[in-house]
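Student: Residue strings, one per chain:
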Amino acid sequence: MTAPLDDADGGPGVATAPGQALVHCAAVTRTYGTGRQAVPAVCQVTATVRPGARIALTGPSGSGKSTLLHLMAGLEPPTSGSVRWPGLGGSPAGRPGVVGMVFQGPSLVPALDVLENVALPLLLAGANADDATERAHAALERLAIPELATKLPEEISGGQAQRVAVARVLASRPLLILADEPTGQLDSETGARVVSVLLETADELDATLVVATHDQEIADRLTDRWEMADGRLTAAVQTW
Amino acid sequence: MVTGLWLRGLWRRRAGRMAASAAGITIAVALLASLGGFLASSKATMTARAVHGVAVDWQIQVRGGADPNTILQTVRAEGGLRPAVPVGFATADGLSAATGGTTQSTGSAVVLGLPPGYRTTFPGEIRTLTGSADGVLLAQQTAANLHVAPGDTVQVRRAGLAPILVRVDGLVDLPQANSLFQVVGAPAGSQPSAPPDNVLLLPADQWQAAFGPLAAARPDLVSTQIHAMRTTPLPSDPAAAYTSVMAAARHLEAATSGVAVVGDNLAASLGAARQDAAYAQALFLFLGLPGAVLAGLLTGAVSSAGAVRRRREQALLRIRGASGRQLLVLSSVEAATIGVAGAAIGLAAAAVVGRVAFGTFGFGTSLGSGLLWAGGAALAGLVIAAIAVLLPAYRDVRTATVAAARREIGRERAPAWARSGLDVVLLAGGALVVWAASRNGYTLVLAPEGVPSISVAYWAFAGPALLWAGAGLLSWRLADLLLGKGRRLLTAALWPAAGSRLSPTASAMMARRRRPLARSLVLLALALGFAASTATFNATYRAQAEVDAQLTNGADVTVTEPPATTSASAASALSAVRGVQRVEPVQHRFAYIGADLQDLFGVRPDTITGVTSLQDSYFQGGTARELMSRLAARPDSILVSAETVKDYQLLPGALINLRLPDATTHQLRTVPFHYIGIVSEFPTAPKDSFFIANASYIAARTGSDAVGALLVDTGGRDTAAVAQRIRGVVGTGATVTDIGTTRSAVGSSLTAVDLRGLTRVELAFALVLAAAAGGLVLALGLTERRRTFAITTALGATPQQLRRLVAAEVLVVTVGGLIAGGLIAGLLSRTLVSVLTGVFDPPPSLLTVPWSYLGIATVTTLVALALAAASAVRQARRPPTSVLREL
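Chains as they are written, first to last, in numbering that gives the first Met the number 0: chain A, 0 to 239; chain B, 0 to 886.
Okay, chain A solo, but in the shape it has when bound (with noise of 0.2 angstroms):
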């Protein structure tokens, strides 16, 4: 599912032909900060992502896997480079539901109870209030947390907190699926669990799913593998 290298367009990143890519990055690099104090987090990355993918984004702490997540989903414009959606036609940003993502660290709202959370990005979508409370609803059963509905976020701990997350991911039904170390907090078995959960709901959904880890147990249950170091894209693998 993802194309050979391609020095001459990539770098020694990876390169992936376009042709029906849901996301296709090219030439993309993220830096934060200006002058002296600028620091490269991704660095000309090109990588196409195609629809019904299972993508585990490996690399050590820093190498970017994060903010290559957040350019595939909008919601950093990159420094160079570009970015493009054809096969979500557009941009993500302002459309909700069409991307799901689930953060590394705490992302849901304080001032919302787990159920109104879950359900948040479904109403953003204008789905009424009782339609995105069923689906909410059935994300939570489907985590096996349904105990947790009225609880605040600050109520439950740091794990079950992202499952919540992954459940409002699941309730939005979106074409792509991007988890950001969703395992991050949780034990293993939880974990494994959740992991399946995100499988499961992709095929179901026959959505797409980049899963970035450093969990190489969770890495293996995935098709490709790409893998990251300091900013760049190093290997792309089709391990199935």
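To be clear, the hints were calculated from the coordinates, so they are not data collected in a lab.
None of the values given here were measured: they were computed from a predicted structure.
Treat the hints loosely; a few may be bogus.
As the list claims (entries may be wrong) - What follows is a set of in silico ranges between Cβ atoms, one per label pair, in the way DEER data are often shown: (1) B/P798 to A/E133: 22 to 30 angstroms; (2) B/R11 to A/N127: 42 to 50 angstroms; (3) B/L861 to A/G158: 31 to 39 angstroms; (4) A/G104 to B/W434: 55 to 63 angstroms; (5) A/G158 to B/A343: 19 to 27 angstroms.
From the three backbone atoms N, C-alpha and C, an ideal C-beta is built for every residue, glycine too.
For this one, chain A is given, so just place chain B on it according to the hints.
Tutor: Then chain B, alone, in the frame of chain A:
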């Protein structure tokens, strides 16, 4: 080391919050320093005006048997006095004059003997109306009684001696007749109610020739007073000046061994001024202190807007081993930094306010007073900083666990005050105090004559204070109720702002954050309530000051004609003067009721209100409009003083026969009137008893429509210029006064001091507070919610959806704040006017609502809220991941 690191971190990372907290303290310090400076300056002005308004500082009565020359030498030996002069007082049996073929006689008259140069030394005592300024002078009312003018001869009848004849050189007015003819040394309350009706002034040598022999025969009819003016500088505070003058007078009495009694006009005037100063102090307390408290609350709210984050930061420090003491040291440093910065900027701001509003950096007060107020204000700023920053930190360290400290929302139970119903208790207490203050016998300031101490009913301050606090807490309770249990209602109400899809989410967010939202709403309501009630009080005060000035002057411009010289048709000549809109003639006669002589004013009841203001409070037995209608409908109606009603046992409809001069026969003739109501005050009328009747009826019955005054309406514009033009028309025979001059000469009162400066300062600060309470607090609250907006954006919210979420919150704070603020303003305005009723002269019938200021305050607040909302929306446009990374 850690402290320095922490402080640097605060200024680098939390500069906004620190600056906003310091801004709150700046407002409090600047307000206190400005108002304090103004108060000190006002007191000095009151003292200066009190001194300036006294024509003769001391009237030293020489007791019978004592040698006036010895007393005079003793007085002149006292330090701090201008050369004192002797003034002769004699009582004549009566005066007579033969004019126009008839002879008029008066009852007893007082004849004064004035030494040369008296009018130069005491310029405020005598005012020339017509004729010469020197020689034999006759008081205006006496001249009217005798029908004499300059050049006529008056016969003075002396007890047991042959009458003498004097030729009148001029007619004069005695503006301070009450004090001039006081019974020196008489106990308070036993002074004659009115000065003598008939007064003749003779040069000292002529008086000596006429009454020297009488002094030998009838010493009870002749006496000597020594008039003196003090030159010793007085303390700027009226109370201190009063004490100083009283002590000096007693010193003189001791030096004269009791044969001289000091009539201390200066102390009497300063006594009134110290009462006004006490009122000014009360005004400062009632109007200024709430502003400082509000600024303190604002600082607390600003500080608490970042409380969650501070608690988290402190929790992190505690996890890393910081002790509670270390945390308190860090908070102390933060509080001190904010307090010192806020106080320094506040004092600088106060200086700028002084320069802008009063033309001087120090508000015209002395260096000592200025430094005292500046120090006090700075100290208050430091206390506010400690309460706003240090106290919460101390509470957190003492009570909160690390886990609890890291919470942002929480499911807090109702605060203790809400559970105990403190808001209702405060409101009930406030209502009780206001009720007590509304009862008869309540006096905010009591300054008994001759007693150095002043009694101020400071307890009355509890009325508006309790109502203000109670209304604020009740607003909080209602807002909390609406945002919590009233969520369904709120959801429906938010549809227009948030849209049908997002309104449940918006209301859910607000329900969880109802405490900070309620705080923002209440703070806005209190600030608006403060601004509106202060403005309403000031507007009402100004309106009443204007009424007072109009009461004294009569109208925008008033032309006072010599007696019986001008017909009502003279009004048409004035109508042609540029700037004159309307002219209203008012008759002025003297009428006898029984043996009493009183002023009678003849008015045109249908048109009098076109040029002057008649307040309902002037009358009893009907409103101003009703009584004027009755005067018009039944021309023989008459309004009399309450004293006359009591003295003559009058009932409504009672027949009153007055004796009035007849223009044809020059004799007094009886004219019947019917009593319809009581009048206590009327434009141009004296403070004592007088009558108001229908002018056409008086003209018909006396054969003369001669006017005493012409009231001129200029539409309130260019009164001084119009008065000058009128002077050119009427010549020197008439006296022309304009309301502007009268306003500044009403006397040593609060009205005269004019609270415009206080108004300007207060209203400007109220505006800043309202804008800050709305905009700053909301902006900081929204800033603290950047995470929420960033997450919402990351979930795909469109800019419009974000705007709607922010708008919903702003809408709740704005509408709630405006409604609660309006109600609080109405309540407080009525309460302030009720409790401070002694400040008003005359008391207001209705509140004067300053709509333009209220409009400006509302628009300013709305703009501040809109800017806060726009800032939040703009911040939310940043890449959400950048925001989340920073937080």
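Student: So, for every hint listed, does it hold in this structure?
Tutor: Against the structure, the hints come out as follows:
At roughly 28 angstroms, the beta carbons of B/P798 and A/E133 sit within the given window of 22 to 30 angstroms. In this structure the hint that B/R11 and A/N127 lie 42 to 50 angstroms apart at CB holds, the actual value being about 46 angstroms. Take B/L861 and A/G158: their Cβ atoms lie about 46 angstroms apart, and the range 31 to 39 angstroms is violated. About 59 angstroms separates the C-beta atoms of A/G104 and B/W434, a value consistent with the hinted range of 55 to 63 angstroms.
Under the hint 19 to 27 angstroms, the C-beta atoms of A/G158 and B/A343, about 50 angstroms apart, miss the expected range.
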